[in-house]
Amino acid sequence: MIANLYLGYTHCDDALKYVGIEHVDALGLDASIIYLCAETLQSSVSRNIVVVPRKIARVTDEDFNQCLASSRTMLSGCEPLSINSARRLAKVRRVLSIVLTPRSRRFVDESQVNFMVQSPKPKYIEVHLHPFIERLVNERLDIDSEKEFYFLGNVIETALKRDVGVVPVSASPRLSETLLMTHIDIILYAMGFSKRERRLMIELYPVDFIGNWLSQQV
Amino acid sequence: MELHYAVAWIALLVSVASLAISIAVLFRVYSYVRVLVEEFGKSLVAVKKHRRVKRYILVRFLCIDNQDYNTLENEIKNSVYSFLGPILKSRCSVDIISYRPESRRAIIRVRGEAVCVTYTLLALSIQHLRKNMRNCITIPVRTTGLISRLRRRYLKR
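Here the protein sequences line up with chains W and X, keeping their order. Each step along the first sequence adds one to the number in the working numbering, with nothing skipped, and position 109 is 146. Each step along the second sequence adds one to the number in the working numbering, with nothing skipped, and position 105 is 118.
Since the hints were made in silico from the structure, they are not lab data. Quick caveat, the model's predicted, so the values are computed rather than measured. A portion of the hints provided could be inaccurate.
[As the list claims (entries may be wrong)] The following residues of chain W were derived to be distant from chain X, with all beta-carbon distances above 12 Å:
(1) SER80
(2) THR195
(3) LEU216
[What the hints assert, rightly or not] Derived DMTMM-like pairs (lysine to aspartate or glutamate); straight-line CA-CA distance at most 20 Å:
(4) LYS198/W <-> ASP146/W
(5) LYS67/X <-> ASP108/X
(6) LYS184/W <-> GLU194/W
(7) LYS232/W <-> ASP200/W
(8) LYS158/W <-> GLU171/W
(9) LYS144/X <-> ASP108/X
(10) LYS144/X <-> ASP146/W
(11) LYS54/W <-> GLU76/W
(12) LYS54/W <-> GLU115/X
(13) LYS169/X <-> GLU76/W
(14) LYS232/W <-> GLU171/W
(15) LYS158/W <-> GLU214/W
(16) LYS169/X <-> GLU88/X
(17) LYS144/X <-> GLU171/W
(18) LYS144/X <-> GLU147/W
We put the beta carbon where it would ideally sit given N, CA and C, even for glycine.
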């Protein structure tokens, strides 16, 4: 079961075209988009697709609860923007994902925050690949891409060793910049992950994440 | 008796000198042998310094504009080479050897070192994110060393 758990699209058309291009079994869309185009999606897609409502929120010390507020109705992803908020997130007793982007990478640091070992409920590391790749290809010289990818690889490797779920997602803002699951697989392959590890990240952990989140609702 | 002592001393000196000479020569001979093994040994074991591989990648294009073969080939080659950079360009060769516009599928041949294939796949996957190249999304479908293995998927409508 292949799942792209977050597409950062803001238009309904992009989501519809994406479903036509890629044969995914589960799809994560921003909750606002789902409410807008739920009927269109339902009528235009002939096969069964699980569409998951997502909410990605930045977490700082001031607006910590914003990410958790709707975690029961939407699959929440929290992007910590300070070390304190990251530590608080690790202690939350809910199933959610810690969003790893170039902005939050300094705070998703297992040596400082125990996301992986001491968390009371399983936390998933949700890797937003689009911002990383976008920064790489547009050749801004002030960004040390090697360092970013080294850090990204280390976080994923540590998580896999400790059997913590890693969910790579595309998080592309529009269809023309989208990263399909094949692209994500190739990026992970180029980063040195084995076939087994890639299957875990692309097929197993997303389903496990959805399953855990649904079991929390009961 | 004195003659015997003298002969014994001379024999001792000669043997010590020969020992010293043999030790000195031994190091030199060892270095010669090592150079010889490095020069010929590797080729005897048949490990080539530069192993050249050839891989065929079947790709599918999702293009905004309809493009002819030459335009598409130039765009894809430019894009891949710009990602690989001039140093890898000297070691990797990328060609579109076949293109079916009706199904938007093409076969790309990559020749060069093994790492070229990985880098070409990566370049094909992320090239549409560059700001001035947002015409086509390229989806690598399959990579193989034998072009015949791609036939069925390539001819698929």
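Tested hints:
The Cβ of SER80/W sits about 23 Å from the closest Cβ of chain X, beyond the 12 Å cut-off, so the non-interface label holds. The Cβ of THR195/W lies farther than 12 Å from every Cβ of chain X, with a closest approach of about 23 Å, so its non-interface assignment holds. At roughly 8 Å, the least C-beta separation between LEU216/W and chain X is not larger than 12 Å, which violates its mark as non-interface. For the proposed pair LYS198/W and ASP146/W, the alpha carbon gap of about 15 Å is at most 20 Å, so the pair holds.
With a C-alpha separation of about 11 Å, the suggested pair LYS67/X and ASP108/X falls inside the 20 Å cut-off, and the hint holds. Restraint check for LYS184/W and GLU194/W: satisfied, since their Cα atoms lie roughly 15 Å apart, inside the 20 Å limit. Restraint check for LYS232/W and ASP200/W: the C-alpha separation of about 16 Å stays at or below 20 Å, so the hint holds. Among the hinted pairs, LYS158/W with GLU171/W is inconsistent with the structure: their alpha-carbon atoms are about 32 Å apart, more than 20 Å.
A distance of roughly 23 Å separates the Cα atoms of LYS144/X and ASP108/X; the hinted pair therefore is violated under the 20 Å criterion. Restraint check: the Cα-Cα separation between LYS144/X and ASP146/W comes to about 31 Å, which exceeds 20 Å; the hinted pair is violated. Between LYS54/W and GLU76/W, the direct Cα distance comes to roughly 15 Å. Compliance with the 20 Å bound is thereby established for this hinted pair. Straight-line distance between C-alpha atoms of LYS54/W and GLU115/X comes to about 19 Å, which keeps the hinted pair within the 20 Å bound.
A C-alpha spacing of about 32 Å is found between LYS169/X and GLU76/W, which places the hinted pair above 20 Å, so the restraint is violated. Between the alpha carbons of LYS232/W and GLU171/W the distance comes to roughly 25 Å, so the proposed pair goes past 20 Å and is violated. Under the criterion of a C-alpha separation no larger than 20 Å, the hint pairing LYS158/W with GLU214/W is inconsistent with the structure, at around 34 Å. Pair hint LYS169/X plus GLU88/X does not hold up; C-alpha atoms about 24 Å apart against a cutoff of 20 Å.
For the hint linking LYS144/X to GLU171/W, the alpha-carbon distance of about 9 Å falls within 20 Å, and the restraint holds. For the given pair, LYS144/X sits about 34 Å from GLU147/W by alpha-carbon distance, which is inconsistent with the 20 Å threshold.
Comparing the model with each numbered hint stated earlier shows that hints 3, 8, 9, 10, 13, 14, 15, 16, 18 do not hold.
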